[in-house]
Amino acid sequence: TSAEDSNELADGKLYPEHVLPTPPIIEANSLVVVFESFDNLNFVYATPGAIFSNRNGHFAHNDFIGKPFGCKIRSCNNRGLGFLYLLRPTPELWARSLNHRTQIVHELDASTIVFYLHLRPNMVVCESGTGSGAMSHAILRTIAPKGRLHTFEFNQMRAERAREEFAKNKCDHLVTVHHRDVCGKVDDGTKGGFGLGPQAAHAIFLDLPEPWLAVPHAAYALKANGRLASYSPCVEQTQRTIIAMRKAGFHSFRTIEVRLREHFVDEVELELPPKAKLPRGEATSGATAASTVRFLSTCASTVSGGSTMVEHSGDDTGAEADNELTEAETAETEATEAIGAGTTTSDGGTGTSPGASSNGKRKRMVCARPFATMRGHTAFLTFCTVGNKLHPNPNEQSPSNQIS
Amino acid sequence: MADNTTNTNTETPHEANVVNQEQTTTETESEQADVSSTPGDNNDENGDATTTTNEEEEDLPDPLLAQPASYVREGDHVLLIFADGRQIFAHCVKSWKGKTAPVKINKRTYTTANLVGLPYGTVLELGRGGLVPLPEGEDVLPDPSAVLNPLEDDVDTDENTLSPAPPVNKKAPSIEQVNDNRNLVDNNTSQKIQADDVQTLRSAGMEGSAIVSAMIENSSTFQNKTDFSKAKYIVRKQMKYQPRCRMVRCTASSVCAGMYLKDPRKLMNLREDTLAQMLSYSNVSAGCQVLVVETCLGIVTGALAQRLGGYGKILSVYSGQQPSYSEMINKFNLSFPEHHSIKWVHSGEVFSDDNGRVTPPTTNEHGVKDLEKMEREMLKWPCHLQDHTRAYLGKMSTLRDQKEFLAKRCARFARKLTRHTPTEARDWLKRPCDSVIIAARYDPTATLLPLLPYLAPSCPFVVFCEFLEPLTECFRELQRQSLAINLRLSDTWMREYQVLPGRTHPSMTMSQNGGFLLTGIKLCPVTGKNELDEKLLKELRAQVGGRRGRKPKQRNGNGESGTKNGRGKKKKGGSSGAPNAKRTRVNGS
Numbered sequence: 002t003s004a005e006d007s008n009e010l011a012d013g014k015l016y017p018e019h020v021l022p023t024p025p026i027i028e029a030n031s032l033v034v035v036f037e038s039f040d041n042l043n044f045v046y047a048t049p050g051a052i053f054s055n056r057n058g059h060f061a062h063n064d065f066i067g068k069p070f071g072c073k074i075r076s077c078n079n080r081g082l083g084f085l086y087l088l089r090p091t092p093e094l095w096a097r098s099l100n101h102r103t104q105i106v107h108e109l110d111a112s113t114i115v116f117y118l119h120l121r122p123n124m125v126v127c128e129s130g131t132g133s134g135a136m137s138h139a140i141l142r143t144i145a146p147k148g149r150l151h152t153f154e155f156n157q158m159r160a161e162r163a164r165e166e167f168a169k170n171k172c173d174h175l176v177t178v179h180h181r182d183v184c185g186k187v188d189d190g191t192k193g194g195f196g197l198g199p200q201a202a203h204a205i206f207l208d209l210p211e212p213w214l215a216v217p218h219a220a221y222a223l224k225a226n227g228r229l230a231s232y233s234p235c236v237e238q239t240q241r242t243i244i245a246m247r248k249a250g251f252h253s254f255r256t257i258e259v260r261l262r263e264h265f266v267d268e269v270e271l272e273l274p275p276k277a278k279l280p281r282g283e284a285t286s287g288a289t290a291a292s293t294v295r296f297l298s299t300c301a302s303t304v305s306g307g308s309t310m311v312e313h314s315g316d317d318t319g320a321e322a323d324n325e326l327t328e329a330e331t332a333e334t335e336a337t338e339a340i341g342a343g344t345t346t347s348d349g350g351t352g353t354s355p356g357a358s359s360n361g362k363r364k365r366m367v368c369a370r371p372f373a374t375m376r377g378h379t380a381f382l383t384f385c386t387v388g389n390k391l392h393p394n395p396n397e398q399s400p401s402n403q404i405s
Numbered sequence: 011m012a013d014n015t016t017n018t019n020t021e022t023p024h025e026a027n028v029v030n031q032e033q034t035t036t037e038t039e040s041e042q043a044d045v046s047s048t049p050g051d052n053n054d055e056n057g058d059a060t061t062t063t064n065e066e067e068e069d070l071p072d073p074l075l076a077q078p079a080s081y082v083r084e085g086d087h088v089l090l091i092f093a094d095g096r097q098i099f100a101h102c103v104k105s106w107k108g109k110t111a112p113v114k115i116n117k118r119t120y121t122t123a124n125l126v127g128l129p130y131g132t133v134l135e136l137g138r139g140g141l142v143p144l145p146e147g148e149d150v151l152p153d154p155s156a157v158l159n160p161l162e163d164d165v166d167t168d169e170n171t172l173s174p175a176p177p178v179n180k181k182a183p184s185i186e187q188v189n190d191n192r193n194l195v196d197n198n199t200s201q202k203i204q205a206d207d208v209q210t211l212r213s214a215g216m217e218g219s220a221i222v223s224a225m226i227e228n229s230s231t232f233q234n235k236t237d238f239s240k241a242k243y244i245v246r247k248q249m250k251y252q253p254r255c256r257m258v259r260c261t262a263s264s265v266c267a268g269m270y271l272k273d274p275r276k277l278m279n280l281r282e283d284t285l286a287q288m289l290s291y292s293n294v295s296a297g298c299q300v301l302v303v304e305t306c307l308g309i310v311t312g313a314l315a316q317r318l319g320g321y322g323k324i325l326s327v328y329s330g331q332q333p334s335y336s337e338m339i340n341k342f343n344l345s346f347p348e349h350h351s352i353k354w355v356h357s358g359e360v361f362s363d364d365n366g367r368v369t370p371p372t373t374n375e376h377g378v379k380d381l382e383k384m385e386r387e388m389l390k391w392p393c394h395l396q397d398h399t400r401a402y403l404g405k406m407s408t409l410r411d412q413k414e415f416l417a418k419r420c421a422r423f424a425r426k427l428t429r430h431t432p433t434e435a436r437d438w439l440k441r442p443c444d445s446v447i448i449a450a451r452y453d454p455t456a457t458l459l460p461l462l463p464y465l466a467p468s469c470p471f472v473v474f475c476e477f478l479e480p481l482t483e484c485f486r487e488l489q490r491q492s493l494a495i496n497l498r499l500s501d502t503w504m505r506e507y508q509v510l511p512g513r514t515h516p517s518m519t520m521s522q523n524g525g526f527l528l529t530g531i532k533l534c535p536v537t538g539k540n541e542l543d544e545k546l547l548k549e550l551r552a553q554v555g556g557r558r559g560r561k562p563k564q565r566n567g568n569g570e571s572g573t574k575n576g577r578g579k580k581k582k583g584g585s586s587g588a589p590n591a592k593r594t595r596v597n598g599s
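If you read the protein sequences in the order shown, they are chains H and D.
If you're matching positions, the first sequence starts at 2 in the numbering used here and goes up one per residue.
If you're matching positions, the second sequence starts at 11 in the numbering used here and goes up one per residue.
Incorrect hints may have been included.
A partial selection of chain D residues facing chain H, derived with a Cβ cut-off under 10 Å [stated by the list, open to error]:
hint, residue
1, 126
2, 130
3, 149
4, 268
5, 272
6, 276
7, 295
8, 297
9, 356
10, 357
11, 492
12, 509
13, 511
14, 540
Source of the hints: derived by calculation from the structure; they are not laboratory data.
Note that the Cβ used here is the ideal one computed from N, Cα and C, for glycine as well.
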């Protein structure tokens, strides 16, 4: 559908649909996310002739080009034993595959911030500091196609890297990287602030060690009913920031903390408790089970040998899954030997083979088990709305009025 | 053809009959542009610029660049947030008919006409005369120093201290308190003013703040309270006798939060942070085509419409005769392009068993035409008024009634001109979607698997479910069939904090049920499997030695099977997991 239908108002198509084509095939120099395992992501720009190497093997970029996104590529050495998946980049995958130059905003926090800042297409947003640019990409996705992100980084090298990355990812029509300190602590002649004039931005995101210094500048730079978000790991920082926000006339405060709980998914067969009584005077039969949970297959059924490809729930258990499948076979043979040899077996003994699920009392279930630790970077997120009045430019106030 | 709109205007059938005639006469009479029929004047009032006048306008501003207004327009929905945490939706209209009141607080109806034109963020006080807007600088909790005598000299008299903090010396916000409650006797006799007295005071016309002052004066224990306790007391009285609320714009976050407070079961416990994740992880952005299946009253669709900003398409699946989520979607105050980007698709189109076997007839193929589309394309706007319509218009008494009628007619035409046909919907489904979002009370596995073919490869999908177990089955199924990668089953823990000097702590109540999410990325069905030949695999395994360089086990039960050397770095997820089980099993042979 073309955008040039706007003259044909008498037509049924009052507004063109604006659906963009998404090329499904990997082309030369396109950004590709390389998925080795759930915890191991990388990205490459598909360059003809280049080789990507990891512990699974060597992979030729020429194999990537021309394939569709979402394919599985085999290694070019070792007769194709190793493999990896090629995925279309999204800001979340980018953040996980990125070289961290600073601590990044976890994708859960990023999604919460974008949501509570009420971001939508064509907005003007300010962000300080840029850091590794992970949060910037999440914002850029939301304000496309005609919005603008002004991102401020006071470290020269990081600002340069960020500019290069945005250009390489073809987002530079949406973003301007400023090498500037919005808190005004460095004497670079700017006295802090965003340098955009009054009421320039719809939303501002602060990821700074001392956000209270930037709050009056934010009040000046926000449009009517604009939103401000601040991301601080420490409660003391949050307290000082909110005091500054109150003083600057912000309202509708919310301070939240969000953490992600991820779950493994396992198919388990829970055994019955052992019923066998102690044979008088003899040692315990080795066949009684000490544990009652047996993992039949920890959801890594597509694992092929030789590679470290593990599925999500297979994080650690995936590594064992290989053993599971082979050990299940050994257990089976051992068990049949045991039974055949007439050694003690009890009803609920572990020596039984996997085929014993014919015992109707066992329940085979698909269960979820939370990860041991919650991933992500913990921080307090504070959101507020700017008050409906004229805010003075802090840079134009006399020093006595400026906050300490 | 019958007009399918649900417009309650009784003129609808009549209008429908004349539409056909208008179509044929449009060509000849289009030159006679009837001034009274142009809807241009009604645009501003309705807030939706549906069409423009007949003359060429080259400099139309791109409507997709417009951001939502920062003040309330006629017909907007707003959310009123009270100090005690209540959130009530209000519809700001100058006049209302019918049974839905614009706003109902404490079971009483209030008018909202005076709210139109106010900026968002205005604080309103609930007085006897209705909702009274307060000047800028007032907070939802009034400044207690108006009620209390300042106890310290350096009370912060800055108008912008919008905190109900007790008037404590700000230079030393200490937690040590002068008073505490060791001598308190709690026998309910400390307040001299009784409930009936309050009524008397109120009917005598006493203001809310005056009532609060009176209560404080007549409380025998007030002076002995700790500072923080005094502040809490004042806040409680203010919330009761001086109820104030702040008018907030309806966005995805405020609507979801408001509905979650009101009735979480209707939303299937979709908490707002879960909705936030759904919007981000599905990678939706301007220009996407998203397929949504939801039974959350339309909140997901509305949030997507705001997030896409009028660009792209949202194919939202409905069942039954017609989509029923208009009530919630209206609350989002969607602009016309945003509303238009929502395309309703019947569930039979995507879930029915004969999909893929039956090629749907498209226009001009096999001689079957899209009749509805042809009808629609014959409509022209501005549409000339018919004689009987003009006569009916003439019978109306006031100019305002006439304008209303014409506005409704204009809206009706807009709907007819922009409604898509089922055939068009099928055409759209042929283009693979960029994202699939499911938030329905149906079985997740049975909902997701039939929709995966509509999703482009390497694109994300998000499945929300109130319960964990159905998602575990879905997870299993996706893994078993190698349909997706990067699978993650998660829920979130969200905690709110009250941050005040000396009183920062987590909120007293915390929601612990926000629903569960399963996200993943679809693999290309053709090239995503790419397995090695079985024999080759066994051969290579034998050579390379299994994972991490370990040799495969010997079958005679020798020691190697129990050892874990060469295991390398192993991330332990569960504690009493598989390793123990294996060891005992092996040793028991």
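Which of the numbered hints above does this structure break?
1, 4, 5, 6, 9, 10
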